[in-house]
Structures are given as C-alpha cells and as structure tokens.
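There are 2 protein chains.
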Amino acid sequence: MSPLPSELAYVPFVSVEHMMGLVHHIGIEKVLTDLAAEIEADFRRWPLFDKTPRVASHSAVGVIELMPTSDGQTYGFKYVNGHPKNTAEGLQTVTAFGLLADVDTGYPKLLSEMTLLTALRTAATSAMAAKHLAPKSARTMAMIGNGAQSEFQCLAFKAVCGIDTVRLYDIDPAATEKCARNLAQSGLNVVKCRSGQEAIEGVQIITTCTADKQYATILTDNMVGAGVHINAIGGDCPGKTELHRDILMRSSIFVEYPPQTRIEGEIQQLDSEHPVTELWQVITGQAQGRSDDRQITLFDSVGFAIEDFSALRYVARAIKGTPFFTRLDMIADPDDPRDLFGMFQRAEPEAAVA
Amino acid sequence: MSPLPSELAYVPFVSVEHMMGLVHHIGIEKVLTDLAAEIEADFRRWPLFDKTPRVASHSAVGVIELMPTSDGQTYGFKYVNGHPKNTAEGLQTVTAFGLLADVDTGYPKLLSEMTLLTALRTAATSAMAAKHLAPKSARTMAMIGNGAQSEFQCLAFKAVCGIDTVRLYDIDPAATEKCARNLAQSGLNVVKCRSGQEAIEGVQIITTCTADKQYATILTDNMVGAGVHINAIGGDCPGKTELHRDILMRSSIFVEYPPQTRIEGEIQQLDSEHPVTELWQVITGQAQGRSDDRQITLFDSVGFAIEDFSALRYVARAIKGTPFFTRLDMIADPDDPRDLFGMFQRAEPEAAVA
Numbered sequence: 340m341s342p343l344p345s346e347l348a349y350v351p352f353v354s355v356e357h358m359m360g361l362v363h364h365i366g367i368e369k370v371l372t373d374l375a376a377e378i379e380a381d382f383r384r385w386p387l388f389d390k391t392p393r394v395a396s397h398s399a400v401g402v403i404e405l406m407p408t409s410d411g412q413t414y415g416f417k418y419v420n421g422h423p424k425n426t427a428e429g430l431q432t433v434t435a436f437g438l439l440a441d442v443d444t445g446y447p448k449l450l451s452e453m454t455l456l457t458a459l460r461t462a463a464t465s466a467m468a469a470k471h472l473a474p475k476s477a478r479t480m481a482m483i484g485n486g487a488q489s490e491f492q493c494l495a496f497k498a499v500c501g502i503d504t505v506r507l508y509d510i511d512p513a514a515t516e517k518c519a520r521n522l523a524q525s526g527l528n529v530v531k532c533r534s535g536q537e538a539i540e541g542v543q544i545i546t547t548c549t550a551d552k553q554y555a556t557i558l559t560d561n562m563v564g565a566g567v568h569i570n571a572i573g574g575d576c577p578g579k580t581e582l583h584r585d586i587l588m589r590s591s592i593f594v595e596y597p598p599q600t601r602i603e604g605e606i607q608q609l610d611s612e613h614p615v616t617e618l619w620q621v622i623t624g625q626a627q628g629r630s631d632d633r634q635i636t637l638f639d640s641v642g643f644a645i646e647d648f649s650a651l652r653y654v655a656r657a658i659k660g661t662p663f664f665t666r667l668d669m670i671a672d673p674d675d676p677r678d679l680f681g682m683f684q685r686a687e688p689e690a691a692v693a
Numbered sequence: 340m341s342p343l344p345s346e347l348a349y350v351p352f353v354s355v356e357h358m359m360g361l362v363h364h365i366g367i368e369k370v371l372t373d374l375a376a377e378i379e380a381d382f383r384r385w386p387l388f389d390k391t392p393r394v395a396s397h398s399a400v401g402v403i404e405l406m407p408t409s410d411g412q413t414y415g416f417k418y419v420n421g422h423p424k425n426t427a428e429g430l431q432t433v434t435a436f437g438l439l440a441d442v443d444t445g446y447p448k449l450l451s452e453m454t455l456l457t458a459l460r461t462a463a464t465s466a467m468a469a470k471h472l473a474p475k476s477a478r479t480m481a482m483i484g485n486g487a488q489s490e491f492q493c494l495a496f497k498a499v500c501g502i503d504t505v506r507l508y509d510i511d512p513a514a515t516e517k518c519a520r521n522l523a524q525s526g527l528n529v530v531k532c533r534s535g536q537e538a539i540e541g542v543q544i545i546t547t548c549t550a551d552k553q554y555a556t557i558l559t560d561n562m563v564g565a566g567v568h569i570n571a572i573g574g575d576c577p578g579k580t581e582l583h584r585d586i587l588m589r590s591s592i593f594v595e596y597p598p599q600t601r602i603e604g605e606i607q608q609l610d611s612e613h614p615v616t617e618l619w620q621v622i623t624g625q626a627q628g629r630s631d632d633r634q635i636t637l638f639d640s641v642g643f644a645i646e647d648f649s650a651l652r653y654v655a656r657a658i659k660g661t662p663f664f665t666r667l668d669m670i671a672d673p674d675d676p677r678d679l680f681g682m683f684q685r686a687e688p689e690a691a692v693a
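Here the protein sequences line up with chains H and D, keeping their order. Reminder that position 1 of the first sequence reads as 340 in our numbering, one-by-one numbering, no gaps. Reminder that position 141 of the second sequence reads as 480 in our numbering, one-by-one numbering, no gaps.
Hint data in this document are derived by calculation from the structure and do not stem from the laboratory. Note that the structure is a prediction, hence the values are computed from the model and not measured. Misleading hints may appear alongside valid ones.
[Stated by the list, open to error] Using 16 Å as the maximum straight-line C-alpha spacing, the simulated EDC-like pairs for lysine to aspartate or glutamate come out as follows:
(1) Lys448/D to Asp668/D
(2) Lys475/H to Asp441/H
(3) Lys424/H to Glu516/D
(4) Lys424/H to Asp503/D
(5) Lys424/H to Glu368/D
(6) Lys470/D to Asp632/D
(7) Lys448/H to Asp503/H
(8) Lys531/D to Glu516/D
(9) Lys475/D to Asp675/D
(10) Lys531/D to Asp560/D
(11) Lys470/H to Glu379/H
(12) Lys475/H to Asp631/H
(13) Lys424/D to Asp443/H
(14) Lys424/D to Asp441/H
(15) Lys424/D to Asp675/H
(16) Lys470/H to Asp511/H
(17) Lys470/H to Asp410/H
(18) Lys531/H to Asp560/H
The whole structure should be built from the sequences, with the hints applied where relevant.
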C-alpha cells in the first residue's frame with residue numbers, strides 16, 4: 340500500500356461520458372439557458388478579465404491552441420485543435436478540454452472535456468447575443484450548415500429566444516437529414532430546404548455554421564432582406580469566412596473581442612478601421628444594439644476564452660453532489676512541501692511493507 | 340448502458356501515484372540517466388523546435404504559466420504555477436501537469452502529472468549540462484538549498500556525472516536534516532554543513548537551489564574558487580537571483596534559451612548584451628564549453644519547455660505495457676464526426692434502454 344494523496348491532490352474530472360450524463364440529468368435546454376445566463380453575467384464584467392490572444396501552434400494541416408483567461412480569482416484555459424481534414428479520416432475537426440485553477444494557490448480545481456461543452460457554450464453565446472440583437476418577434480430561424488454545431492444552435496435559440504421553427508440547409512443533404520432526425524423530438528417545427536435561398540425565406544434570424552477552411556459565400560447580398568439578425572459562427576480562423584463582403588457593408592456588426600475578430604472573423608474581409616460594436620457594451624448599456632426594424636444586425640462570432648471560462652465554472656458548480664465526475668490524482672501534495680522526495684521514497688512498494 | 344467511447348476517445352493519464360510507481364519500477368537513477376539522454380537528444384535538434392515564450396498570468400501572490408512547444412510531429416505543453424507563499428500554507432510552491440498531442444490530428448495522446456516529473460527533468464538537465472561543462476574529475480558537489488529539488492539534483496549528479504560526495508547547506512538546518520535523511524541509502528557520501536562557505540570547501544561543482552522570491556546572494560565572489568562549475572537553478576523568475584553579480588562577471592555563462600534567461604535567470608543582473616553561450620550549441624559542437632582548468636563555468640538554468648517535452652515523451656514510451664497509467668475519456672469521438680449531437684442523444688439513459 341502506498342500513502343494516499345491528501346484531499347488537495349485531487350482534481351475533479353468530467354469525462355465525455357460524465358458531461359453527457361450531466362447534461363441529460365439537468366436537461367439540455369436548461370443547460371443552454373443557464374449557460375447563456377452565465378456567459379451574459381461574465382460579459383457584464385468584461386473589463387475585469389485578463390484578455391490574452393490565443394496561443395496558437397500552426398502546422399500544415401491544422402492548429403493547436405491554448406486559450407487562457409482569468410478574472411483575478413479563478414484562472415481558466417482551454418486546449419482546442421482545429422483540423423479540417425480530420426473529418427475525412429473519421430476524426431473530429433475540433434476536440435477540446437479545459438481547466439480551472441485557483442489564482443490564489445495555482446492549484447487546479449476542475450479538468451473537463453470541452454468538445455461537447457464547447458458546442459453548448461457556442462450555441463448559448465449565439466442565442467444570448469441574439470436575445471440582445473434580433474427582432475423581439477423572431478420565431479423562425481434559418482440554419483445553414485447542418486454539421487456538429489447545428490442542433491445545439493437550434494435548441495439554444497428555442498430555449499433562449501423562443502424560436503419555434505428552423506429551416507435547415509446544407510450542401511450535403513445527408514447532413515440536413517441527420518440534423519432533422521436529431522431534432523425530431525425537440526418540439527421545433529423543422530423544415531428541410533434544398534437551397535440557402537429557400538432556407539432564408541421568411542426568417543428573422545439566419546445562422547451560418549459551415550466549416551470549409553476557405554473564403555466561401557454561403558450568403559450573397561441580394562439574399563438578405565431588411566431587419567434580419569445574422570449569427571455567423573463558421574468563420575473562425577484566418578482565411579475562413581462565410582458571408583459576402585457586401586452583406587457586411589449593410590450590417591451593424593457586433594463582435595466579442597475586436598483584436599481577435601479582426602483576424603479570425605467575417606470582418607477580416609473589411610478595412611481594419613471598419614466600425615464594430617463590442618457585444619459586452621450592448622449588454623451593459625454602454626452601446627446601442629438594434630435601433631430599428633429594418634436594420635441588419637450581424638453577430639460575427641469567433642468564440643472567446645471568457646465563454647469557456649463561464650462554461651467551466653458552470654460545470655464546476657453543477658457537478659457538486661452528482662455522480663458526474665471522478666477525482667484525478669494529478670497534483671503531488673506531500674505533507675511537507677519541501678519533502679517531495681520523501682513522499683516519492685515512501686511510495687516505494689517494499690518501503691511501505693516495512 | 341451508454342455507448343462506449345471509441346479507442347480514439349481515450350487519453351493515457353499518469354497520476355502522481357502512477358508516476359511514483361513507474362519511477363520505482365524503473366529505478367530513479369536509471370530514470371534520471373534516461374531523461375538526461377532524452378533531453379540531450381532534443382537539445383541536439385534544438386533549431387527544429389517551436390520556441391514560444393511561456394504564457395504567464397500574474398497575480399499579487401504568484402503566477403500560472405503555460406509552456407508550449409512542438410517538434411512538428413508532437414505538440415506538448417506544461418501547466419505550472421509558482422506561489423512562494425504556498426509553503427507557509429502547507430501547499431507546494433510549484434505544481435504542474437503536462438500534455439502531449441499529435442500535431443497531425445490535434446488529438447491528445449498523454450496527460451501526466453508533472454510535479455514529480457519536473458523535479459526529475461530539472462535534475463536531469465542540470466546533470467546533463469554539467470557533463471558537458473564541469474571538470475571531468477569532479478566527484479564532490481555542494482548542494483546549497485535543501486528543499487524539494489535537492490535530493491533529485493544529488494542523485495542526478497551521482498548517476499550522470501559520477502559524483503560520490505555531496506555537501507549540504509540550507510539556512511534552515513531542518514531542511515538539511517531532511518535531505519541527508521532522504522539520501523542516507525543512496526550510496527552518496529553526505530556531509531551536513533553549517534554555512535555556505537563550509538559547503539563549498541574542496542568541491543568541483545556548486546549547485547544552488549534556493550526559493551526566495553528576491554535578489555539573494557547565496558554565494559559571494561570571494562567564496563568561489565577557480566575551476567568550479569556552478570549549477571544555478573533557483574533563480575527562475577524576474578526579481579529572483581542567487582549569485583552575486585561579481586561571480587557572473589568572472590564566469591563563462593551557459594543558458595538554455597537566451598530570450599527567457601535574460602528575463603528570469605541570474606543574468607537579469609547583467610547588461611542585456613553580456614555574452615552568453617547556448618547550451619545546445621556546446622552539445623552540437625558549434626560552441627566551446629569548458630576551455631581550461633581554471634575557468635568558472637556557470638549553467639544559468641531557468642527550465643525550458645523542450646525539457647518538459649522530452650520528459651513527457653519519455654513517460655509516454657515508458658508506460659507502455661506497464662500498469663502505471665489509466666485511460667481518460669477526455670475526447671468526444673462520435674462515429675460520425677458531424678453527429679456530435681446524435682452521440683449525446685444516444686447517451687440518454689432512457690434512450691439506451693429502448
């Protein structure tokens with residue numbers, strides 16, 4: 340028998356299996372609503388956060404990024420990769436995990452899968468932004484791009500914004516079939532469309548989430564009518580956009596963190612001085628959101644570290660008293676901090692018998 | 340029953356308990372020798388690595404850092420904190436964990452504790468540097484600062500450089516007692532000293548590893564005789580040094596990565612143009628190491644991401660076929676990468692029964 344690590348040595352760990360269990364336990368629409376509230380609360384105290392650009396390691400086939408932030412009490416970071424070619428090999432384009440730590444001691448306090456959690460927080464962020472920017476009467480949304488993120492978006496807009504109808508379109512009809520099948524029991528009215536043009540007929544919100552790493556034009560200018568809210572989440576790295584530049588020129592553009600969005604978002608197509616509004620300023624009332632019925636609002640979302648931070652903190656609280664985590668012996672915690680070697684020595688199998 | 344994650348979803352995890360077991364299983368001196376060889380091999384291909392400065396989040400009481408690197412095939416990073424005030428609260432000053440991932444897919448392939456592993460790799464790096472810089476005849480080492488790192492240093496210098504005698508000194512005699520007790524069965528001749536002056540009498544190598552976050556002068560100029568090798572590992576952040584500036588002026592200084600050492604190492608006391616030699620260039624024969632018997636050589640070590648990378652890769656290989664790891668369900672890996680939601684949906688407890 341080896342000496343047992345102290346309580347401090349254990350870090351709660353939420354596996355993919357546990358995350359799925361937790362979300363089913365709470366109910367996915369409640370999770371999305373809770374996450375939207377949690378993220379909104381952190382956007383309200385936006386200036387307080389450490390905002391570092393992500394730390395990227397690029398290769399010919401993809402990127403691995405670390406996204407750290409801190410609110411002065413809690414530190415968090417996410418590991419996330421982006422490998423568009425993975426799908427063809429039967430792998431996820433994006434996988435992720437995240438960590439929270441105590442700023443005061445530097446000790447980790449949560450390790451969690453974040454592939455599923457990122458999908459949830461992305462959808463919750465989109466819906467939270469739309470709550471502030473979309474027409475209040477919006478009930479129908481076009482969902483263009485029916486990949487891994489699409490169902491989460493549809494459910495978040497149902498739960499947070501009261502959307503009752505989604506109009507699906509993907510260049511691959513099999514993706515649309517999959518999305519429609521997955522939403523069959525959701526309570527949403529699901530309409531499968533055969534073109535982007537058909538999908539946006541009569542909608543008040545257009546969500547685009549396509550994954551090609553190239554300058555694409557999922558939407559052209561003449562497709563977009565007055566008064567809609569566009570939620571553009573597929574453009575999220577240099578060289579990857581979804582909207583025609585002319586749409587951007589007609590829109591009021593809202594972003595998370597301008598230094599990052601200028602590089603990664605739809606606005607990489609525009610002059611670096613083109614005016615944009617920071618979403619947190621709309622939420623706190625420091626900037627105007629939607630000002631009239633004919634305005635096109637665009638949330639050019641690329642995902643920001645604070646959203647992951649909010650999501651991890653939510654999970655850290657939500658798992659308490661549930662069976663949806665294990666505890667990892669991740670941190671050496673000797674009785675005497677100077678005696679790391681003694682802790683190692685006493686763990687020797689024969690030594691413990693003596 | 341929920342669907343089982345695929346093989347790809349699992350990431351090998353080495354806990355503190357497992358790391359201690361693995362090191363006892365292999366033998367600590369062999370681990371230190373192997374690590375020194377592994378790190379030396381990576382120093383030989385130094386120009387090939389991505390070398391990013393560490394990403395630090397500072398607070399009033401400490402720092403949390405991410406240290407990433409990549410050799411183009413494998414990506415690695417370490418999470419590490421530094422909280423000098425932790426010791427007084429019964430916590431470790433430094434805790435750490437690390438990750439390796441496949442650059443081609445972005446999928447993690449090892450998660451490991453690194454509190455113990457960092458102690459091992461730091462000692463292995465010091466001994467590897469001394470093998471290239473210290474007098475070949477060195478058999479006696481002064482070990483000044485008898486905290487958590489001290490025993491690892493002594494054993495690494497025994498295993499890699501053939502040191503047979505260590506002379507211990509710490510301002511706290513209890514730390515010296517602890518270190519001497521832990522080394523009692525090591526085969527080293529251990530001498531407890533009551534001053535730094537006494538500790539360095541007749542030694543060929545001086546290792547300093549003290550932890551105060553302040554400009555300290557553990558060694559003053561008149562203490563250091565000709566021909567010694569100084570292994571200074573305690574100075575590792577801005578404002579924290581151990582050696583009097585005059586010693587630096589008399590020494591040939593060798594460092595890991597100048598842009599980092601200029602900020603964190605002993606040489607922060609010197610002009611930013613003061614000449615230093617990169618250790619990897621000595622190892623590859625591109626620069627001279629020790630050139631004469633009376634020269635004072637100084638390895639001003641602050642720890643670099645590549646050393647962690649080497650250590651993690653060693654562990655990834657060493658655990659194969661052993662019981663010293665578990666597998667974490669950390670990465671969502673749906674059969675159809677576009678169907679993350681379907682994977683979630685099928686994990687619903689009631690759905691699985693149907």
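The hints, checked one at a time:
no. : hint                 : in the structure
1   : Lys448/D to Asp668/D : 12 Å, holds
2   : Lys475/H to Asp441/H : 40 Å, violated
3   : Lys424/H to Glu516/D : 58 Å, violated
4   : Lys424/H to Asp503/D : 55 Å, violated
5   : Lys424/H to Glu368/D : 44 Å, violated
6   : Lys470/D to Asp632/D : 15 Å, holds
7   : Lys448/H to Asp503/H : 39 Å, violated
8   : Lys531/D to Glu516/D : 8 Å, holds
9   : Lys475/D to Asp675/D : 60 Å, violated
10  : Lys531/D to Asp560/D : 23 Å, violated
11  : Lys470/H to Glu379/H : 11 Å, holds
12  : Lys475/H to Asp631/H : 11 Å, holds
13  : Lys424/D to Asp443/H : 10 Å, holds
14  : Lys424/D to Asp441/H : 14 Å, holds
15  : Lys424/D to Asp675/H : 14 Å, holds
16  : Lys470/H to Asp511/H : 30 Å, violated
17  : Lys470/H to Asp410/H : 25 Å, violated
18  : Lys531/H to Asp560/H : 23 Å, violated
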